[in-house]
Each structure stands twice: as structure tokens, then as C-alpha cells.
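Take the sequences, apply the hints, and build the full model.
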Amino acid sequence: MKTVSDDLFRLIKSLNKSEKGYFKKFAAKNEAGGKQNYIVLFEAIDRMEEYDEEHLKVLLKKESFIKQLPVYKVYLFNLILKSLGLYGAIDNSTAKIRELLEYSKTLSSKALYKEALKLLKKAKETAGKFSSHLLMLEILVAERNIFSVMPDKNISEIRKKIYEDEIKTTDILKKLYEYSWLSDQMVICVEQKGDFTTAQSRSEMEKIYNSELISDYSNAEDINMKFYFLHTKLFYHLGKNELTEVRELLKKEIILLEESRFFIDDNPTNYSSCLVNYLLFSQITGARKDVLETITKLNILRKKLKNKVPLSLQLKITFQAANSEILVYRNSCDMRRGRNVIKRVESELPKYEAEIPPQLKISLLCNIAAFLVLDDNYPAALKINNKVLDETGMNFKSDIHRFSKILNLVIHYALKHYDHLEYLIESTYKFFREKNLLFKAEKLLFSHFKMLVKEGEREHSELFRELHFNLKKLEADNHVQELFSLFDFISWAKSRADNISMVDEVKNKTEKNNR
Amino acid sequence: MKTVSDDLFRLIRSLNKSEKGYFKKFASKNAAGTKQNYIILFDAIDSLAEYDEELLKKKLKDPSLTKQLPVYKVYLFNLILKALNQYGAYDSSETQLSEMLANIRILTSKHLYREANKIIKKAKEIADKFDKHKYIMELLAAERHILMLTPAKNITEKRNSIHTQQEVLIERMQEFFTQSLLCDRLTILVDNEADFRTKENSALLDEIISDENLRSPDKIKGYYAKMNFYHTHLIYNGAKGNNKDILKHLKNQIGYDEANSHFVDENPQNYVYALINLLLYSHYAKDQAEIERTSAKLEATKKKLKGKIPRENEIQILFHASNTEMLIYEKNCDMAAGRQKVKQIIEDFKTYGNEIPANIKSIMLVNLACFNIIDENYSGAIKFLNTLLNDPLLNIRADVNQVARMLQLVIHYEMKNYDLLEYLLVSAKKFFGTGSKLSKTEQVILKFFGNIIKQPIEAHPQLFDELAFSIKRTTDTTGILNYFNFIAWAKAHSKKIKLIEVLREYSAKDNR
Chain A
1 MKTVSDDLFR
11 LIKSLNKSEK
21 GYFKKFAAKN
31 EAGGKQNYIV
41 LFEAIDRMEE
51 YDEEHLKVLL
61 KKESFIKQLP
71 VYKVYLFNLI
81 LKSLGLYGAI
91 DNSTAKIREL
101 LEYSKTLSSK
111 ALYKEALKLL
121 KKAKETAGKF
131 SSHLLMLEIL
141 VAERNIFSVM
151 PDKNISEIRK
161 KIYEDEIKTT
171 DILKKLYEYS
181 WLSDQMVICV
191 EQKGDFTTAQ
201 SRSEMEKIYN
211 SELISDYSNA
221 EDINMKFYFL
231 HTKLFYHLGK
241 NELTEVRELL
251 KKEIILLEES
261 RFFIDDNPTN
271 YSSCLVNYLL
281 FSQITGARKD
291 VLETITKLNI
301 LRKKLKNKVP
311 LSLQLKITFQ
321 AANSEILVYR
331 NSCDMRRGRN
341 VIKRVESELP
351 KYEAEIPPQL
361 KISLLCNIAA
371 FLVLDDNYPA
381 ALKINNKVLD
391 ETGMNFKSDI
401 HRFSKILNLV
411 IHYALKHYDH
421 LEYLIESTYK
431 FFREKNLLFK
441 AEKLLFSHFK
451 MLVKEGEREH
461 SELFRELHFN
471 LKKLEADNHV
481 QELFSLFDFI
491 SWAKSRADNI
501 SMVDEVKNKT
511 EKNNR
Chain B
1 MKTVSDDLFR
11 LIRSLNKSEK
21 GYFKKFASKN
31 AAGTKQNYII
41 LFDAIDSLAE
51 YDEELLKKKL
61 KDPSLTKQLP
71 VYKVYLFNLI
81 LKALNQYGAY
91 DSSETQLSEM
101 LANIRILTSK
111 HLYREANKII
121 KKAKEIADKF
131 DKHKYIMELL
141 AAERHILMLT
151 PAKNITEKRN
161 SIHTQQEVLI
171 ERMQEFFTQS
181 LLCDRLTILV
191 DNEADFRTKE
201 NSALLDEIIS
211 DENLRSPDKI
221 KGYYAKMNFY
231 HTHLIYNGAK
241 GNNKDILKHL
251 KNQIGYDEAN
261 SHFVDENPQN
271 YVYALINLLL
281 YSHYAKDQAE
291 IERTSAKLEA
301 TKKKLKGKIP
311 RENEIQILFH
321 ASNTEMLIYE
331 KNCDMAAGRQ
341 KVKQIIEDFK
351 TYGNEIPANI
361 KSIMLVNLAC
371 FNIIDENYSG
381 AIKFLNTLLN
391 DPLLNIRADV
401 NQVARMLQLV
411 IHYEMKNYDL
421 LEYLLVSAKK
431 FFGTGSKLSK
441 TEQVILKFFG
451 NIIKQPIEAH
461 PQLFDELAFS
471 IKRTTDTTGI
481 LNYFNFIAWA
491 KAHSKKIKLI
501 EVLREYSAKD
511 NR
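In order, the protein sequences belong to chains A and B. Using the working numbering, the letters of the first sequence map in sequence onto residues 1 to 515. Using the working numbering, the letters of the second sequence map in sequence onto residues 1 to 512.
Calculated from the structure, these hints are not laboratory results. Keep in mind that the hints are not guaranteed to be accurate.
Listed below are the simulated SDA-like cross-link pairs for lysine to any residue, each with C-alpha atoms no more than 25 Å apart in a straight line [claimed, not checked]: (1) Lys160/A to Lys199/B; (2) Lys199/B to Ile155/A; (3) Lys24/B to Leu48/B; (4) Lys118/A to Ile188/B; (5) Lys57/B to Asn85/B; (6) Lys73/A to Tyr38/A; (7) Lys96/A to Thr108/B; (8) Lys134/B to Gly85/A; (9) Lys304/B to Cys333/B; (10) Lys472/A to Asp498/A; (11) Lys24/A to Thr108/B; (12) Lys251/A to Leu149/B; (13) Lys82/A to Lys24/B; (14) Lys158/B to Gln200/A; (15) Lys122/B to Asp498/A.
Every beta carbon over 10 Å from chain B, so not counted as near; a handful from chain A, in silico [claimed, not checked]: (16) Asp7; (17) Asp52; (18) Ser180; (19) Lys240; (20) Asn241; (21) Lys252; (22) Arg337; (23) Glu346; (24) Glu455; (25) Phe464; (26) Phe484.
Using N, Cα and C, we set each Cβ at its ideal position, and we do this for glycine too.
Shown next, in the form of C-alpha cells:
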């Protein structure tokens, strides 16, 4: 029975093996007196499958601290966070600037102002180099505090300059927040809502795209603003399914970051995301040379980062790369390589599931399910697709949720679950109708599935031929492009009509296209 | 021979006994490998009277240590700072917020967004309550980061709300920076340049105070911006000698602080300073009821301070209060109470040593010298002045140094060191010649000393009488008479009575 918050349980469960080991050593070293109590409580919670306070009390009934369990829980929660703070301490520009600021405050408190100013000078240089505006403001305030007790000959000029820098920095911050707001609005429109094809969303997107800051690159004053600028445009074109433009913008983002390598060394997240996405869009848009170059760049980056960045970032980069690789291998029908990537993901994902961003996890699982359908591995596809359906909804990754509902019908049909299929088609159709999601392609697919369950198996080839014909005739609007980018329904229909494997049909199609 | 920077030496010398002890424990626990080397180097430097690298190398003996001395020095410098950071840690909203932010970062990296958001909510309340802009900014960034990673029903509205909060915060930051600049400009003009009574600077004072941001505190939203507003008006009225307005603004500031008592509980420095100033100006205004009320508040607040605020703030408050008390005793001519205070200050100097901020220590030394001159304890007075003039670290306020040079002449005259006086006069003229411009009052005083050393003692009362007359005719643009009443001193000598008697006469007149 869940009676109290299970925050502590979730925190303990989110730790990996080495973090747990580090915590135990940390607790034993740093906690005076009842240190064993915390470790006992930690281990008891760690052994639980789900949080059950009553069961925990039974488990710990002999322990003296059980009467004070709420207090111990809060303390343990904070103790774990404290140990993680030390465990994952990373050496980046922000940490360096913070340390310099702290040290300069200490020196000032000792009236060693000259020495404190030396450190602030260093901090200022780093903050300027990395466009750390908020920290720059902190440095300026610290500088002002020193000059107010250590008058200089040119104190009036110095103080005026500090003020000018403060106002200039806040103005830059204001502009940066404006860029971030525009970029996030565009991302929300396209990615989070997943319904960027509606007229309302389109008009929102146009409004953002035509805003003053986004219309001229020279408005962006620093690397962060430039990045937001490109990102806003990128999502605009993504929303409009203009994939070549998306690839070009990704290339620009990569060039922007490569021009300031120190940014990549300091925080490789954006760079790795750009590479992963560039790999994907190069594949989709047929830029073969760029695919190979990007895979090389990604491998170099992954090796370079190993043990140098926090585990969470390493995992993000690894799984992002895996996601792109699956898409690349699916599009190129390289099933052997694709299966290897899935094998790797299946063994690694359960270990780090809690540590991968939910959006990335869903995208990865969705692509794996589509790959497995292509590979005729329907039982595995069903398992993965169910997970996707469980973890998505109309409020989170609604585009993927909708797609997975249709893929569910494809899988159950392949598994010949005809009885179940009849009910499933009806309930899925109802869902689409009620949510006003019945667009052209969806209408065709539902009508096809309804016919399939009515007719005998011998008629299916003909029905698929009809579906193939109708799908090919469809005008490639944004809805259609979005749906077909997740799964090649046309090739699926053709393979079923010709009674060949889907992968052979995709290969034939590619060959034909190449000719 | 000083060959390299002596930053490390100065840092080690600035530590008090318990900090040194803490560092050694910290180093033995935290420095990997050759931990003993750092302690050996620390002790060796600590034993030096002044930094001498050659002597240090001889003391160290160990060739492995001396060979890599520059590396060890840098590491030791940083290790001491690291230790001090932990040693001085006390519980404030900032330390609490820093810890919360670190926890938010960890929970976010673990995708425990619900838990991270809980902390963000709590932290935002604290940061908002304590007017901590920087932390609110960081918290909003963390909130935005999580929002963009997780599904949310009204994501656009929530993101919009974050953006609006960021915009409001930028305005609040700019409000604070503007108030802080105005306050500092006035302080610099009045405190540091020390010539705020010249026509030009007086106009500048008026120009600053006419700034539209200084018209009314009503529109100011932030606590710290408002504190700067009150302080600006206090400094302005102090410079103009508008005691009534000073009292009005001090009472407003204290009232505002008392209405926001959580700020006082966390950092009572501004509040205590305001109380100290109110005590002083109520004394000038002879408002006994206010004096009693303020004294009671001050005592109650001082009791609450110990261990709650950083040591450096505690020290600043202690000395500021002592300085004011001494000034009150001096103005009241209560020499017995003043002497007790002097004794206590001397003890405090010993206790806190290098930890006393140079600007506070230099003013205190001048005030101590002034009190001792009035009390005819000239050897005591000269000791204080010599401490001030011989320590280059205390040489940071031009106005204080100018007064000290003048007082040096007064004391040596009183001690009848006429030969020395001649030499000191040359040196003082040299100092004033290369330093800041002399005010009319200072010119009159210097001219007086130039004359008096040439005249026989019998002629001195006449010269003092002339001095009193001349000073009265000048405008004291640097405020030197606020430190020491040269007119009273001149009168005392012209009438051949004690300075304290003249001052008592003045005090009695004021009371009438």
C-alpha cells in the first residue's frame, strides 16, 4: 500500500551499480553515529520491487530507527543527493567559474582584494569565452563589492564601466531569453504537440518564423542565440516536412559548433544531437557521403567522451546514435546491422532505462518496432509497440502514439489475430474519429483493415493491391509524409499484394529508384 | 629577496588560529599522495616574518619539494581556499539555494523530473522571498529545461509563464543595478574623493539625487534596490548636513527592514548599521526617547548575531558599532566611558588582527587618535597614527590619510617635538603636494604650523587665536573638522585651557 511519497524509492532505483557503491562508501565515511542505519534503510528500499511503506516497516521492525522513519527517509534522500553531487562532479566552464567566484569571495572576506580581483579576472575571461551571461553578472557584482571597499584612483570610471557591463549583460540575457522562447514555441508546435499539421499550428509556426529575431541571422549576438536561431528554422522546416532544408540547417548548426571547438569540449550535448540528427536526415535525403562522414565523426566523439562526461550524457549520445543507426539501416535494408544495433539496445536499455530522456526512448522504441515489422519479426515488434503505446498518449508524443495504434493493427494482422483484430480495428477507428484524426491516409487504412477482416484470406492480396494503388495516388501532404516517414505503408501494401517479404519489396523499390 | 608573487604568503598570514587548524585537518584528509608536503610548506611559509623565497627553500630542505615549489605553491593556494570555503560555510538562503540547485541538477540528470520540480517550487519560494535574482534565473532555466523534456498539459502556457517571469526578473535586476550605481556614485563622491563640498562636486551630488529613480521608493520592487535607495539618500543628506532628513530616511529604512524581518534575520548588517546611525543622529538631535528605543533594538539584534552571519560581517558590525559609540562619548565629552571603549577596541584589534577590513580600521585609528588628543594622551594618539601611516595596507582612503597627516602635526606640537615638527611639516607638504588638492581649511592649518615653529612659545596663543579666526572664515570642503575640531583646539590654546573644557562649553551651549 502506497501511503507516502515514493521519491526516495524512485531516487534509489535510478542509481546505477557504481553510484550505489559510491553512496555506501560515502555514507560510511561522512555520517557520524548512526551511519549504518542509513545503509540499512537504503538496502531495504533497494530490495523492493515497488514502494510499499508498510512492507518496509515490517522489514525493518527490529531496527531502532523505525520509529523515526519519515525523518530518516528525508535525511537519506538528501544524503544520496550529496554523494551524487560529489560522484558526478564534472569539470566544465560553469564549475570552473563557480569555483573561482567562491574562492574570490573567500579572499575578499580576508581583505585580500588584489588576489580576489585576479581570480575574478580569470572568471570573467572564461565567462566571456563561453557566453555565460548569468555568471558574468555574478562576477560583476563581486567586482563591484571589492571596489566598494578597496577604492582605486579611477573608482568612478571603474564603477561606471561595471554598471555599463551589467546593463549590457542583462540586455543580452533578455535577448537570449527571447530567442529561447521563440525556439521553444516552435519546438512545442512541432515536437511536443505532434499536431503541427493543423491550420492553427501552421499559423503559429509562420508567426514565429516571421518574427524579427528569426528573420535576420545578424540579430543573433552570440553562439547561443545563433543556435536558437538555426534551431527555430530547423523545426519550422521539420514541421513542413522540408527535409533537405532541415539537413542544411543541421549542417549549419554543426559548422557553428565546430567553429568554436571549446564549446563542444565543454558541453558536447548539442553537438552530438546535431550529428545524430544530421546522420538521420542525410540518410533520409540520400546524402550518402554525409552519412559516412557523420558516422565517423560520431564514433570519434563517443570515444573522446568516454568517462570524460557524466554517464547520463554518454547514454544520451549512445542511444541517440543507436536511434539514428536503426533508421539508416531500415532505410538501406541493412537488416544484419540493424539487428545488431537492436540487440545492443535490448541489452543496454533495461540497465539505463531511467537515465534516458523519455522522448528519445519513445522515438527509439518506435523505430525499433517499425524495423522489426520490416524484418518480419512480429512477436518482438508487438512487445516493443505495446511498450510505446503504454508510455505515450495524446499529451505526450501524440504523433507516435497515433502511429503506434495503426502499427498495432499491422502487427496483429501479420500474426493472424483476426478475432482480436475486428475489435481492435473498431476501437482504434473510434479513437481516431473522436480525436478528429481521420486524415486521408488513415481513412484508407481503416477502410482496408475493415475489409480484410470481412473477407477471406484468399481475397487479401487483391485488397492489398487496391490499398497500394490508393496509397500511391494520395497527395503527399504533411500528414501523409509524417505517417509514411515512420513506416513505408506503400511498400508494406505492395509486398502483401505480391506475397513477398516487405524487405525484398523495399530493396526492389530502392533499386528501381536508383536506376 | 622577493622574487615571486607573495599571494600565498599573504593568504596564509590572513588565517586565524582555528582556520589554520582546520586547514591542516582538511589537507591531511583531502590532499592525495604527498599530503605532508603541503602541510610542511604551509608551516614553513607561516613561520616567515616576510615572504622570502630563498629563505623558504632553505627551510624546506627536501629537494623534491623545492624543485617543484611553484607547482606546490599554486596547489597549496587553491587547497587553502577550498578548505576555507567549507570552514566558513554557514546556513543562509544562498547556501540553501545552491544546495537545492545542485540537487535539482542531479535529479534532472536522473530524469526524476517530478522530484526535481518539487525542489524547484520550494527553491523559487525561498529565492523570491529573499530577492535572490540570480537563483530565480537559474531555477527558471532548470524549470524550462524539464518542461521541454517532459509532457505537460498546458505546455505553451507554462513556457510562456517562464518567459514572462524571466522578463520581469531582468527588469528587477536592472532596477537593482541602477540603484546600486547611484548609491555608489554618491558614496564615492562623499567618502572616497572627500571633496564633496566643492561647488563642482556639490552640483554633482545634486545631479545624482535628482535622478528620477531616486524620487520615491514606492515604485521600487526589490528589497536590495530599496536598501540602496535609502542608503543613497542617507549619504546625500549626510554630505549636506541635513540631519533631519537623515533621521527621516533612517527611520524609513528601519521601518522597511522591520516589515521584512526575514531579511534582517538572515543578514542583519544593513539593519544594524541603520540602527547605529540612528543612534548617532538621535544623539545629535538630542532625542532621548529615540536613543533609548534604538539602543534597546541594537542590543537585542547584536545578541542574535553571533554565529549566524559570516565572521567578516560580525567583525564589520562590531567595529562600526564601537566607532559610533566612541564618537558619541567624544561628542558627549564622556571621557571615562570613552577610555573604556578605547581599551575594548584595542583588545578587539588584537583578537581580530588582519581580519578587520582596512577601510574600517583606518577610520577607527584616526578616531582613536582624535579621542586621545582630547584626552591629552598624546603618546597613545601617536601610536594609533603611526600604525595607520606605516601600514601600506591601510593606505586606502585619501581623506583619512590627509586627516592623519594633520593630526600628526597636532600631536607632535602637543608633545613639544618642535624639531621633529619642522621635518614633519616638510613631509606633510610633500604629501599634500603630490596627493589630492588641499582645501582652504587645510591650507590655513598647514600655514599655521609653518608659522608657529618659527615663533617663540609666548607668541603661540596669539597665533592660535588667529588660527581659530581663519578656520571659521573657510568652508570645510573636505570635512576635516568632522574628524577633529581644530577650532576648539585653537581656542583652547589661545585661552590656555584644556581642549576638553572648550568642547564641554560647546556641548553645554548646544544643550541650551
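Against the structure, the hints come out as follows:
With a CA separation close to 22 Å, the supplied pair Lys160/A and Lys199/B stays within the 25 Å bound. For the proposed pair Lys199/B and Ile155/A, the alpha carbon gap of about 21 Å is at most 25 Å, so the pair holds. With a C-alpha separation of about 18 Å, the suggested pairing of Lys24/B with Leu48/B holds against the 25 Å cut-off. A hinted pair counts as satisfied when its Cα atoms are at most 25 Å apart, and Lys118/A with Ile188/B qualifies at roughly 23 Å.
A C-alpha spacing of about 29 Å is found between Lys57/B and Asn85/B, which places the hinted pair above 25 Å, so the restraint is violated. For the given pair, Lys73/A sits about 9 Å from Tyr38/A by alpha-carbon distance, which is consistent with the 25 Å threshold. For a cut-off of 25 Å, the pair hint linking Lys96/A to Thr108/B stands: about 21 Å separates their Cα positions. This hinted pair checks out: Lys134/B and Gly85/A have alpha carbons roughly 21 Å apart, not beyond 25 Å.
For a cut-off of 25 Å, the pair hint linking Lys304/B to Cys333/B is broken: about 31 Å separates their Cα positions. For the given pair, Lys472/A sits about 16 Å from Asp498/A by alpha-carbon distance, which is consistent with the 25 Å threshold. Restraint check for Lys24/A and Thr108/B: satisfied, since their Cα atoms lie roughly 22 Å apart, inside the 25 Å limit. Restraint check for Lys251/A and Leu149/B: satisfied, since their Cα atoms lie roughly 24 Å apart, inside the 25 Å limit.
This hinted pair checks out: Lys82/A and Lys24/B have alpha carbons roughly 24 Å apart, not beyond 25 Å. Note on Lys158/B and Gln200/A: the hinted pairing holds, with a Cα-Cα distance of about 19 Å set against a maximum of 25 Å. A hinted pair counts as satisfied when its Cα atoms are at most 25 Å apart, and Lys122/B with Asp498/A does not qualify at roughly 63 Å. Separation of Asp7/A from chain B is inadequate, the least Cβ-Cβ distance of about 5 Å not exceeding the 10 Å criterion.
The claim that Asp52/A lies off the interface holds: its Cβ sits roughly 19 Å from the closest Cβ of chain B, which is beyond the 10 Å cut-off. Ser180/A, annotated as away from the interface, has a beta carbon of chain B within 10 Å; the closest lies near 7 Å. The claim that Lys240/A lies off the interface holds: its Cβ sits roughly 20 Å from the closest Cβ of chain B, which is beyond the 10 Å cut-off. Under the 10 Å C-beta cut-off, the non-interface status given to Asn241/A relative to chain B holds; the minimum distance is some 22 Å.
With a cut of 10 Å on Cβ distances, Lys252/A stays outside the contact zone with chain B, its closest approach being about 21 Å. Every CB of chain B is more than 10 Å from the CB of Arg337/A (nearest about 29 Å), matching its label as outside the interface. In this structure Glu346/A is separated from chain B by more than 10 Å, as the shortest Cβ-Cβ distance comes to about 20 Å. Against chain B, the non-interface label of Glu455/A holds: every CB pair exceeds 10 Å, the least being about 40 Å.
With a cut of 10 Å on Cβ distances, Phe464/A stays outside the contact zone with chain B, its closest approach being about 36 Å. For Phe484/A, the condition that its CB be more than 10 Å from all CB atoms of chain B holds, with the nearest at approximately 25 Å.
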